[in-house]
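Okay, so the sequence shown: first residue is 2 according to the numbering used here, each after it adds one.
None of these hints come from the bench; they were simulated from the model.
Computed from a predicted model, the values in this text were never measured in an experiment.
Keep in mind that the hints are not guaranteed to be accurate.
[To be verified] Derived CB-CB ranges, DEER-like:
(1) Pro87 to Val111: 35 to 45 Å
(2) Glu52 to Ala108: 15 to 25 Å
(3) Ala115 to His17: 12 to 22 Å
(4) Glu96 to Thr140: 19 to 29 Å
(5) Asp135 to Glu93: 33 to 43 Å
(6) Asp68 to Ala47: 17 to 27 Å
Virtual Cβ for every residue (Gly too), placed ideally from N, Cα, C.
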Amino acid sequence: MLANEKLFHTASTVPHRTMELVKLRASQINGCGFCTDMHFKDAVHAGDDPERLNLVPVWREAPAFDDAERAALALAEESARLADNPHGVSDETWEAVRKHYDDEQIAALVAMCAQINAWNRVNVILRTPAGFYDPATKTARYRELQK
Numbered sequence: 002m003l004a005n006e007k008l009f010h011t012a013s014t015v016p017h018r019t020m021e022l023v024k025l026r027a028s029q030i031n032g033c034g035f036c037t038d039m040h041f042k043d044a045v046h047a048g049d050d051p052e053r054l055n056l057v058p059v060w061r062e063a064p065a066f067d068d069a070e071r072a073a074l075a076l077a078e079e080s081a082r083l084a085d086n087p088h089g090v091s092d093e094t095w096e097a098v099r100k101h102y103d104d105e106q107i108a109a110l111v112a113m114c115a116q117i118n119a120w121n122r123v124n125v126i127l128r129t130p131a132g133f134y135d136p137a138t139k140t141a142r143y144r145e146l147q148k
């Protein structure tokens with residue numbers, strides 16, 4: 002999964018900022034504290050605005066996101082909430098995604114949605130604690146802090 006993560010960020014033309022929004026929103030929905038902390042910090046480290054990131058849970062009501070980001074956020078939400086829609090992602094969301102992204106970008110977004118949902122489950126199952134991720138080193142510091 003780590004190799005895929007690197008590939009998404011190096012081979013895809015989806016903006017890094019958008020990918021972080023996708024990962025952050027799915028992590029919030031899935032209740033993964035570690036991943037929520039990680040992707041908030043990674044987004045800030047990459048230059049995104051913390052105030053804007055605080056609006057991710059209410060992106061529909063917030064003017065801080067452009068239409069392409071909104072399409073990606075809708076895809077992230079619907080991919081994380083499969084039980085809410087027996088048909089998967091809605092036609093409306095697919096229409097918005099297709100309007101803003103080409104086939105390669107859609108493939109990257111879909112793969113990222115699947116990947117972050119898998120990472121969320123791994124970290125929730127393992128009870129990985131939140132709050133200790135360091136974006137500068139891409140590592141969790143919790144082991145050294147537990148001493």
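Each hint tested on the structure:
1. Pro87 to Val111: 35 to 45 Å: 18 Å, violated
2. Glu52 to Ala108: 15 to 25 Å: For Ala108 against Glu52, whose Cβ atoms are near 32 Å apart, the range 15 to 25 Å is violated.
3. Ala115 to His17: 12 to 22 Å: With Cβ atoms ~18 Å apart, the hint holds.
4. Glu96 to Thr140: 19 to 29 Å: For Glu96 and Thr140 the Cβ distance comes to about 40 Å; the hint is violated.
5. Asp135 to Glu93: 33 to 43 Å: The hinted range 33 to 43 Å holds for Asp135 and Glu93, with Cβ atoms some 39 Å apart.
6. Asp68 to Ala47: 17 to 27 Å: 21 Å, holds
The earlier numbered hints that this structure contradicts are 1, 2 and 4.
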